[in-house]
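Residue numbering for the sequence shown follows my numbering, starting at 53 and increasing by one per position.
Calculated from the structure, these hints are not laboratory results.
Heads up, some of the hints might be wrong.
As the list claims (entries may be wrong) - Pairs of lysine-lysine residues, derived as BS3-like cross-links and limited to a Cα-Cα distance of at most 30 Å, are as follows:
| id | residue 1 | residue 2 |
| --- | --- | --- |
| 1 | K231 | K285 |
| 2 | K313 | K355 |
| 3 | K317 | K190 |
| 4 | K87 | K116 |
| 5 | K190 | K285 |
| 6 | K206 | K190 |
| 7 | K206 | K92 |
| 8 | K349 | K325 |
| 9 | K336 | K304 |
| 10 | K297 | K349 |
| 11 | K117 | K59 |
| 12 | K79 | K120 |
| 13 | K336 | K285 |
| 14 | K355 | K285 |
| 15 | K336 | K313 |
| 16 | K313 | K297 |
| 17 | K353 | K304 |
| 18 | K120 | K87 |
| 19 | K92 | K116 |
| 20 | K116 | K79 |
| 21 | K59 | K120 |
| 22 | K325 | K190 |
| 23 | K206 | K274 |
| 24 | K274 | K92 |
| 25 | K313 | K206 |
| 26 | K355 | K190 |
| 27 | K325 | K353 |
| 28 | K353 | K317 |
| 29 | K313 | K285 |
| 30 | K92 | K117 |
| 31 | K313 | K325 |
| 32 | K304 | K349 |
| 33 | K353 | K313 |
| 34 | K297 | K355 |
| 35 | K273 | K313 |
| 36 | K285 | K325 |
| 37 | K353 | K190 |
| 38 | K87 | K59 |
| 39 | K79 | K59 |
| 40 | K59 | K92 |
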Amino acid sequence: MEPLIIKDDFPDELFHLSASELADYLKQPTLFHLKGRLDKPLFFSVLLHGNEDTGWKMIQQLLKKYTKTELPRSVSVFIGNIHAAKYNLRRLENQPDFNRIWQFDSDLPEYQMAETVYIEMQQRGIFASVDIHNNTGKNPFYGCINRLEVDFIKLAYSFAEPIIYFQQPASVQSNAFSKLCPAITLECGQPGSQAGVDFALNYAERLLNLENFDQLPMPDKKPDILHTFATVKIPPFIDYAYENKNCEVSLKSDLEEQNFKIVPKNSVIAESKVGMPFVITNEKQEDITNELFYEEKGQIKNKVDIIPSMVTLNIDVIRQDCYCYLMEPFEY
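Please put together the full structure from these sequences, using the hints given.
Here it is in C-alpha cells:
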C-alpha cells in the first residue's frame, strides 16, 4: 500500500536525513505544502526513483535557506519512492515505477496516490512543475519537456541546452502536469555528484523568485531541441551483459560514452548469438527496429546515424526501464 501523507510543515529533522533514512521517518510518500508570499505553488517531485537522490539533497538545501524567512512563493514538494530509496534502488520488485503511474490507469494504490497528488496541485493553481532525476549512465545535465509552448521552452532553456522534447512514455509525471502548468523533468547527471545538486539548486532558486514567466529569458536564436523519437529495449527472456561473450548478447560498453553524441551508421552496438536482440518502438508504439538496426555476422549495427541518450552500464536499470532512447534534431 502507498497511502499519501499530506503535511503543511517541513520538520527540521528532515534537513538531517539522507534519502535512505526517509522511510523510517516519513513512513509513506509525502506531499508537503509550504506557504510563501506568492500563492500559486512551485511544485517539486523528488525520489520518484529511489536511487536518484539529487532532488532530495537540493530540496534540503533550498528549504534550509528559508527556515527563518518567508518563501518568495509557495512550494509543494512530493517525496516519492522512499521505500526503494531505503535500499538505493530505482524501485522495489513489487512496485510499479513511480514515474510511470501518472496516467492514473490502474487500481493499484500507487496510481491512486499519484492522482491524489495531481488533484491537490490542480486545486492549488500550480505555477510550475519540476521533477528531478539522475541518470545511471554518463549524460550531460538536461531538461525534458512534453509540450513546445513558449513557457515550456523557457523553463527548459533556463536549465540547459539542448532541450529534450518527448511524448513517450506518456505516463511520466511531467506529461501529466503539463496539462496544468509549464512542467519539466531535470536530468542532473549521476547520483552522488555535488555538481548536479548545485546546478539544480541554482535553477530552483531562480524559479522560486520568478513572479511570472515573462521574466525568464528567451534567446534571439531558437534553442536547440532534440526530439526523443524511439525507445530501445531488450526482451526479458534474452541473456545479456556488457563485454561478455558467454552471454547470448554482449553489449558494447563504449556506447555509454556516446550519449548525446552522433554514433555513425554501421557502428557495432552489440554482438549477438540470437539474431536481433533489440526492440525499437516509436512514439506510436510501432516497431521500427528494422529501420534503424541490422544484424550482420553476429554483430548488431545501426543503419543510420543515431544520437542515443541514457545508455547505462547498469543491467538492473536496463531490465526495469530500457537500454536507451534515440533522439534527432527537431525543427520547430
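These are the hints, each one checked on the structure:
Of the pairs offered as hints, the one joining K231 and K285 holds, with about 28 Å between alpha carbons and a cut-off of 30 Å not exceeded. Our distance criterion of 30 Å between C-alpha atoms is met by K313 and K355, whose separation comes to about 16 Å. Annotation: proposed proximity of K317 to K190 holds, straight-line Cα distance about 21 Å (limit 30 Å). Restraint check for K87 and K116: satisfied, since their Cα atoms lie roughly 14 Å apart, inside the 30 Å limit.
For the suggested pair K190 and K285, the alpha carbons sit about 18 Å apart, so the restraint of at most 30 Å is met. Using a Cα cut-off of 30 Å, the hinted pair K206 and K190 holds, with the two alpha carbons roughly 25 Å apart. Annotation: proposed proximity of K206 to K92 holds, straight-line Cα distance about 19 Å (limit 30 Å). With a C-alpha separation of about 9 Å, the suggested pairing of K349 with K325 holds against the 30 Å cut-off.
Straight-line distance between C-alpha atoms of K336 and K304 comes to about 28 Å, which keeps the hinted pair within the 30 Å bound. Among the hinted pairs, K297 with K349 is consistent with the structure: their alpha-carbon atoms are about 14 Å apart, no more than 30 Å. Taking the CA atoms of K117 and K59, the gap is near 20 Å; set against the 30 Å cutoff, the hint holds. In summary, the hint linking K79 to K120 is supported, as the alpha carbons are separated by about 27 Å, within the 30 Å threshold.
Restraint check for K336 and K285: the C-alpha separation of about 15 Å stays at or below 30 Å, so the hint holds. Of the supplied pair hints, the one linking K355 and K285 holds, its CA atoms being roughly 17 Å apart against a limit of 30 Å. A C-alpha spacing of about 25 Å is found between K336 and K313, which places the hinted pair at or below 30 Å, so the restraint holds. Of the supplied pair hints, the one linking K313 and K297 holds, its CA atoms being roughly 26 Å apart against a limit of 30 Å.
Between K353 and K304 the alpha-carbon distance is near 11 Å, which keeps this suggested pair within the 30 Å criterion. Restraint check for K120 and K87: satisfied, since their Cα atoms lie roughly 13 Å apart, inside the 30 Å limit. The hinted pair formed by K92 and K116 meets the criterion: a straight-line CA distance of about 21 Å does not exceed 30 Å. For a cut-off of 30 Å, the pair hint linking K116 to K79 stands: about 22 Å separates their Cα positions.
Taking the CA atoms of K59 and K120, the gap is near 19 Å; set against the 30 Å cutoff, the hint holds. This hinted pair checks out: K325 and K190 have alpha carbons roughly 28 Å apart, not beyond 30 Å. A C-alpha spacing of about 11 Å is found between K206 and K274, which places the hinted pair at or below 30 Å, so the restraint holds. With a C-alpha separation of about 29 Å, the suggested pairing of K274 with K92 holds against the 30 Å cut-off.
A hinted pair counts as satisfied when its Cα atoms are at most 30 Å apart, and K313 with K206 qualifies at roughly 24 Å. Our distance criterion of 30 Å between C-alpha atoms is met by K355 and K190, whose separation comes to about 24 Å. The hinted pair formed by K325 and K353 meets the criterion: a straight-line CA distance of about 14 Å does not exceed 30 Å. Distance check on the hinted pair: K353 and K317 sit about 7 Å apart at the alpha-carbon level, within 30 Å; holds.
Between K313 and K285 the alpha-carbon distance is near 20 Å, which keeps this suggested pair within the 30 Å criterion. A distance of roughly 20 Å separates the Cα atoms of K92 and K117; the hinted pair therefore holds under the 30 Å criterion. For the hint pairing K313 with K325, the CA-to-CA distance comes to about 28 Å; that is within 30 Å, so the pair holds. Between the alpha carbons of K304 and K349 the distance comes to roughly 16 Å, so the proposed pair stays at or under 30 Å and holds.
For the hint linking K353 to K313, the alpha-carbon distance of about 16 Å falls within 30 Å, and the restraint holds. Among the hinted pairs, K297 with K355 is consistent with the structure: their alpha-carbon atoms are about 23 Å apart, no more than 30 Å. The hinted pair formed by K273 and K313 meets the criterion: a straight-line CA distance of about 22 Å does not exceed 30 Å. Straight-line distance between C-alpha atoms of K285 and K325 comes to about 17 Å, which keeps the hinted pair within the 30 Å bound.
Distance check on the hinted pair: K353 and K190 sit about 21 Å apart at the alpha-carbon level, within 30 Å; holds. Between K87 and K59 the CA atoms are separated by roughly 11 Å; this keeps the pair inside 30 Å, and the hint holds. Between K79 and K59 the alpha-carbon distance is near 13 Å, which keeps this suggested pair within the 30 Å criterion. Of the supplied pair hints, the one linking K59 and K92 holds, its CA atoms being roughly 17 Å apart against a limit of 30 Å.
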